[in-house]
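Residue numbers (the numbering used here), protein chains in the order written: chain A, 116 to 468; chain B, 1128 to 1538.
Derived by calculation from the structure, the hints in this document are not laboratory data. Glycine included, C-beta positions come from ideal geometry on N, C-alpha and C. The reader is advised that the hints may include incorrect statements.
Which residues of chain A face chain B? A few of them, derived with a C-beta cut under 8 Å, are [said to hold, decoys possible]:
| id | residue |
| --- | --- |
| 1 | Ala143 |
| 2 | Thr448 |
| 3 | Ala452 |
| 4 | Met453 |
Residues of chain A clear of chain B, computed beta-carbon distances all greater than 10 Å [stated by the list, open to error]:
| id | residue |
| --- | --- |
| 5 | Ala170 |
| 6 | Val188 |
| 7 | Thr222 |
| 8 | Glu228 |
| 9 | Glu229 |
| 10 | Ser242 |
| 11 | Thr285 |
| 12 | Thr321 |
| 13 | Ala387 |
| 14 | Glu390 |
| 15 | Ser410 |
| 16 | Asp415 |
| 17 | His424 |
| 18 | Ala449 |
| 19 | Arg454 |
| 20 | Leu455 |
Just some of the chain A residues that point at chain B, by a computed CB distance under 10 Å [what the hints assert, rightly or not]:
| id | residue |
| --- | --- |
| 21 | Glu343 |
| 22 | Gly344 |
| 23 | Arg447 |
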Amino acid sequence: MSWSDGLPPLDLRRGRVQLGHGSGGRLARQLVEQLFLPALHNPALAALDDGAVLAAPAAPAGQRLVLATDGHVVEPLFFPGGDIGSLAVHGTVNDVAMMGATPLALTASFVLEEGFALADLRRVVGSMGQAARAVGVPVVAGDTKVVQRGKGDGVFIATTGLGTLPDGRTLSAARVRAGDVLLLSGPIGRHGAAILSRRESLGFDTELVSDTAPLHGLTAGLLAAIPEGAVRALRDPTRGGLAALLHEFARAAQVGIEIDEAAVPVPAPVRAACEWLGLEPMQLASEGVLVAAVSPEHADTALHALRAHPLGRDAARIGHAIRDPDRFVQMRTALGAMRLVDWPAAEALPRIC
Amino acid sequence: MKHVEEYRDPALARALAEALAAEAPAGRRLRLMEFCGGHTHVLARHGVGALLPSSVEMVHGPGCPVCVLPIGHIDQAIALARDHGAVVCTYGDTMRVPASGGMSLQQARAEGADVRVIGSPADALRLARAQPGREVVLFAIGFETTTPPTALALQAAAARDIANFSVLCCHVLTPPAIAHVVRASREPGGAAAPLDGLIGPGHVAVVTGAAPFDRLAGDLRIPIAVAGFEPLDLLQAVRVLLRLIAEGRAGSVNAYPRAVSASGNRRAQALVDEVLEPRETFEWRGLGALPRSALRPREAYASHDAERRFGLPCHAVPDPPACRCAAVLRGVETPAQCRLFGTACTPAHPIGPCMVSAEGACAAHHARGVRSTRAEGPGERVAPLTRLDGVAPMNWPDGAAPLTWPDGVAS
């Protein structure tokens, strides 16, 4: 017996989101039961209570909780290599993982636009469920609201991730010190370039796919390989790209940063797209790589540990932190000159010529 | 990437730099202007400046389309979007240029105006066909390089009778601007020494051909090297200029022969000539009013000319107080001499147009770590530029190079 009894089944082929799907009435219940639950199934969610009850993390004592939240408003919703559903899972899992924590559970809140195709919604939620299962982190609570047509962009997803952090581990950009080595786990810019290639106004053909991927396995391997404390900070270069990440490190830790342009892996199609659009690879988002700041004496071991994981095969040592009261982020260009790495003010806009 | 990586080869760059160091005239400072903002960007992005002899000073020219665009025309575009309900399509850089009253196209968009970033005029034309009920205006800016696609869109709009498409045409011409800055640099009592040579805009020359730069070099009695946009292209162009200067030759050399021919793209020239005509005069930002220095649609295309279609007046708007962009654009001051540079005016919050685009002189200096010499607080701090440390001298051109020495210059 279901609360949506008496309604015709959801038309998942041609149906569209209606305002009533966010009303809390039978329509809303039907959407949850027929679309969300099958895709995201797990016992905590299936209870459909106001909150999820999770078992408290087991010992060791002193373990702490990490909570991270993330909003997803990507356009287009479906892009080469992923969609907003898988991206929402990976992005939030990665936020938790960058704290050095083990992700336990996710929540997801959907803001749907009236008129959004139910088939597309099912695709998004299905992809989210698939990504969550692959990662081993269930979506245990959720919410759905509907806004009038024109007041949204298909679907927005807000996710929250919960994880556990072992006692004695604190990763933070503020802990980066002069002399620390910066390791990059893989090629940059694939997500940003793949998204740009599908934008209505800029579309171009490319074999590029987004690198969206969960990084908690990579971080676990790295953290296990070197002594506690040797990894100062982990961060993934999402919006703002590597350039923004390095500036965030410099700001938080009151250090300067020097990197070597030739050491930063940039896939040829990303480079080509950037040349064409007048953008900098350093400013394009990645969704499946990370930067680790590690103490210099453990840098080689850390690099090996990254390379041992499939997502870190192309890991590279790209630079280091230096003492610099001006907190400049500088790059040695391929020609051997130093220049500042720009911290973009806002969205990257293509240059005119 | 083919046609790119080979022109960024670090070993060849160092070899060229060694040659430049050996050939730079002793005891003489040379002021060379790279006219084009694209060259300014390459100098900053790759750190090419560090490879030049210390006696060579690169002066940034006005060839940055958004930098020379007068505020009055941006105001027009904003008025079209806000007051006439038009969809205004433009290139990304244009979005952030400050206009009157703290406005910009970006700000207008945030306040509800329909402003779109496009990659090509064809996108704007497509939009106009898809939405016949709306006025679609292409806010077209740029030098000879970006003019042919605008002309093509106008021609197509007329041929297919796409009545709701028009162009706010702010296309400008290179030769009058070059002539102006070179002559201005020679005026007695000027703020800076006269220019000794000019790096000509390679992309412009792809369209116009190298010939107009021959004429300019002769008329202005100045050496010109038309150059491509990779680091080796620029180093090569500087070397060409050093030779022309040493020989006392006021000529032009096509140092970008892989893309530039003597006569250029004749089809593009014919197309532009058919669709557009010179304006009697055009008010440039920084350079003032220059006769026959900009283009507008010909009478036959008047219905697709946004200025005529909407009866838009263009008001001259003074530059923001204290902003030195005008002097920077003429090459008589450096960005660091501006009080606003790096303090009130930054890439995140540009006040003058030269801080907006990555091609602007101020943005390029800022990216290199130059800080204002006039601002209060900490003085100039320049990111340390390493000069060829630990590189053994190499002979040029033995054993080199995918570079071909341009015609007309003895090697």
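Hint by hint, here is what the structure shows:
1. Ala143: violated, 31 Å
2. Thr448: The hint holds - threonine 448 of chain A has a Cβ within 8 Å of chain B, the shortest such distance being about 4 Å.
3. Ala452: Check passed: Cβ of alanine 452 of chain A comes within 2 Å of chain B, closer than 8 Å.
4. Met453: holds, 5 Å
5. Ala170: Check passes; 46 Å lies beyond 10 Å.
6. Val188: holds, 16 Å
7. Thr222: About 31 Å separates threonine 222 of chain A from the closest Cβ of chain B, which puts it past 10 Å; holds.
8. Glu228: Holds, because the least Cβ-Cβ distance between glutamate 228 of chain A and chain B comes to about 19 Å, which exceeds 10 Å.
9. Glu229: For glutamate 229 of chain A, whose nearest Cβ neighbour in chain B is about 21 Å away, the distance exceeds 10 Å, so it holds.
10. Ser242: Its Cβ never comes within 10 Å of chain B, the nearest being 29 Å, so this holds.
11. Thr285: holds, 31 Å
12. Thr321: Given a closest Cβ separation of 13 Å, the condition holds.
13. Ala387: violated, 6 Å
14. Glu390: Per Cβ check, glutamate 390 of chain A is inside 10 Å of chain B; nearest 6 Å; violated.
15. Ser410: About 25 Å separates serine 410 of chain A from the closest Cβ of chain B, which puts it past 10 Å; holds.
16. Asp415: For aspartate 415 of chain A, whose nearest Cβ neighbour in chain B is about 24 Å away, the distance exceeds 10 Å, so it holds.
17. His424: Label holds. Min Cβ-Cβ 28 Å, cutoff 10 Å.
18. Ala449: violated, 5 Å
19. Arg454: violated, 5 Å
20. Leu455: Check fails; 4 Å does not lie beyond 10 Å.
21. Glu343: violated, 36 Å
22. Gly344: violated, 32 Å
23. Arg447: The hint holds - arginine 447 of chain A has a Cβ within 10 Å of chain B, the shortest such distance being about 8 Å.
Of the numbered hints given earlier, the model fails hints 1, 13, 14, 18, 19, 20, 21, 22; all others are met.
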